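*Asks:* Okay, here's what each chain looks like letter by letter:
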Amino acid sequence: MKFKHLLHIVLLLVCASASAQKCYIKPSIRYNGTLALQPSPVFFQLTIPVGRGNYFYIYPTGNISLAKGGQYGLSVGKEVYKGLGLELSVAYFSNSYTHSNDIASRNSTGNVQQLITDWHFKSVNLYPTIFLNKDYGKSNYIGKFSTVVGYSCLLNSETYSNYSETYTLKPRISLGYAFGFEYNYQISKQFSLVGECGIETYTYTPRKGNLKSIISRGESVSLDNIDTQKKEIDYVSEIKDYENTQDKPLQRFKESIVINQYFMSLGCKINLK
Amino acid sequence: MKKIFLNFIVIVVLSSCIVTTKAQLYLKAFTGYSFCSYPITYAIFQETINNSVSAKSFKYKPGNGLQIGLVGGYDINSTIGVEISANFIVPHTQKGQYQFSKDFVGRVTAFDLQSINKVYNFSSMLVYTIPCKKKANIYIKAGPNFLLHDTKLNNTITEYDKDNKIIETIEAEKTIKGKINIGFQGAIGVCFKQTKRVSFFSEFNIINSNYLYKNYTYTEGNYNKSEDISERIIYNSLAFNVGVKYNLTGSK
Numbered sequence: 001m002k003f004k005h006l007l008h009i010v011l012l013l014v015c016a017s018a019s020a021q022k023c024y025i026k027p028s029i030r031y032n033g034t035l036a037l038q039p040s041p042v043f044f045q046l047t048i049p050v051g052r053g054n055y056f057y058i059y060p061t062g063n064i065s066l067a068k069g070g071q072y073g074l075s076v077g078k079e080v081y082k083g084l085g086l087e088l089s090v091a092y093f094s095n096s097y098t099h100s101n102d103i104a105s106r107n108s109t110g111n112v113q114q115l116i117t118d119w120h121f122k123s124v125n126l127y128p129t130i131f132l133n134k135d136y137g138k139s140n141y142i143g144k145f146s147t148v149v150g151y152s153c154l155l156n157s158e159t160y161s162n163y164s165e166t167y168t169l170k171p172r173i174s175l176g177y178a179f180g181f182e183y184n185y186q187i188s189k190q191f192s193l194v195g196e197c198g199i200e201t202y203t204y205t206p207r208k209g210n211l212k213s214i215i216s217r218g219e220s221v222s223l224d225n226i227d228t229q230k231k232e233i234d235y236v237s238e239i240k241d242y243e244n245t246q247d248k249p250l251q252r253f254k255e256s257i258v259i260n261q262y263f264m265s266l267g268c269k270i271n272l273k
Numbered sequence: 001m002k003k004i005f006l007n008f009i010v011i012v013v014l015s016s017c018i019v020t021t022k023a024q025l026y027l028k029a030f031t032g033y034s035f036c037s038y039p040i041t042y043a044i045f046q047e048t049i050n051n052s053v054s055a056k057s058f059k060y061k062p063g064n065g066l067q068i069g070l071v072g073g074y075d076i077n078s079t080i081g082v083e084i085s086a087n088f089i090v091p092h093t094q095k096g097q098y099q100f101s102k103d104f105v106g107r108v109t110a111f112d113l114q115s116i117n118k119v120y121n122f123s124s125m126l127v128y129t130i131p132c133k134k135k136a137n138i139y140i141k142a143g144p145n146f147l148l149h150d151t152k153l154n155n156t157i158t159e160y161d162k163d164n165k166i167i168e169t170i171e172a173e174k175t176i177k178g179k180i181n182i183g184f185q186g187a188i189g190v191c192f193k194q195t196k197r198v199s200f201f202s203e204f205n206i207i208n209s210n211y212l213y214k215n216y217t218y219t220e221g222n223y224n225k226s227e228d229i230s231e232r233i234i235y236n237s238l239a240f241n242v243g244v245k246y247n248l249t250g251s252k
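Protein chains in written order, with my numbering: chain S, 1 to 273; chain P, 1 to 252.
What the hints contain is simulated information worked out from the structure, not anything from laboratory work. All values derive from a computational prediction rather than experimental measurement. A hint or two may mislead.
As the list claims (entries may be wrong) - Straight-line alpha carbon distances no greater than 35 Å define the calculated DSBU-like cross-link-like pairs of lysine-lysine that follow:
| hint | chain 1 | residue 1 | chain 2 | residue 2 |
| --- | --- | --- | --- | --- |
| 1 | S | K208 | P | K61 |
| 2 | P | K61 | S | K122 |
| 3 | P | K61 | S | K230 |
| 4 | P | K59 | S | K254 |
Only chain S is shown next, with the shape it has when bound in the complex (with noise of 0.2 Å):
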């Protein structure tokens, strides 16, 4: 909920200052692929109890990358001198990924279960940019360069068996930069049809994270009685003096998603007056 009224309120921003001034509006689709893999982060490992108190731990392995999907965004922008322009867009993208990994049974009977990783990755993105243009009759030639402003969350799952676990990571800023060449072919004075490709990328890296469920068996268990360990972690720089007690959210290292994605988009844009 929290994402759908942040997207609101920058949509009304960016259409309240495209009608202020004699601009642009360009609303657009977009469709993002994976330009390089990250090794899997660790956000927490998967707790297997296997009676008599024990448990055993399982994390993913492997490389991901949480950069394909779809992306919707509008923009507003001016040209400020003869070439030269500013824009700003909002986008809204989100992406979900699953991954498996092999582990060898813990009794070492020779059995191959899988652990299955799922992220929802989400995020609403502001890009202040700067272009150079240029045009040629109807055709007119953009070259761009975005700093990136998201609004990052993520949710990361773990399954094992018939054992899973979700863990809410809480929003938080990340930052990159975008690069990407553009063409507009002009319809009408007012109207003419764009399509864009580039390169982006941003980093998230949550410093909170909250058990959201554990379903064992196919059902879902209370998290009522379980301790606050288990239900919180913060994800720190460096570890000191951490009282491994129940009742204290637990401590990892901090790790980062990294989108590191190219794009392609069709869009159009629409001159006000």
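With chain S's structure known, arrange chain P on it following the hints.
*Replies:* Just chain P now, with coordinates in the frame of chain S:
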């Protein structure tokens, strides 16, 4: 590696000088600082004393450091140009230390870590320039990047007895190398014209690469191990550069 880099610089200079009659050729020299945006973890230390946990991780930053480079460029017309460039990051050393607490007989183990990163970049880029004011141009450029990188990780483990005398010192060295990888490089900058031939510029430069390490060497005393690996890292860097541009004919 150095040979490739020097050869590339020679090509940059020669290709720019061969046709000096052309008005649009130029040379650029620059320096700046590059920031790595994705550090790599190479060691984690953890200890538990009386149910109290302490842990520290050590990271190296492959794209961090002072960089120096040379560019040869050609303006096709007043707005479009091409550039080839070569630069290297001055080998950057990062240090870290961790000392474990005394064990039950009073011994202490201490770790001294050091990482030295070498980075060589080559690129060919398309440049798009907009004259903003009489003496200032804004430009944006992008193209493929060719990256060569290796990292040396030194580790010294020293064990002390209860009287703080050294019992044993072990020195280990780990080298991870790759071959030339292709990535993306882009920049946005401003160029200020001073004279007919000389301009100064400053720019933000980004490199995105999924660098592949191919070889791993481990040395500890007489023990030596080398093997081929296939390990990818994210190499993302953002640099701020300043430099001087010299037009070879001075007419632009």
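*Asks:* Check each numbered hint from earlier against the structure, then list the numbers of those it violates in ascending order.
*Replies:* none
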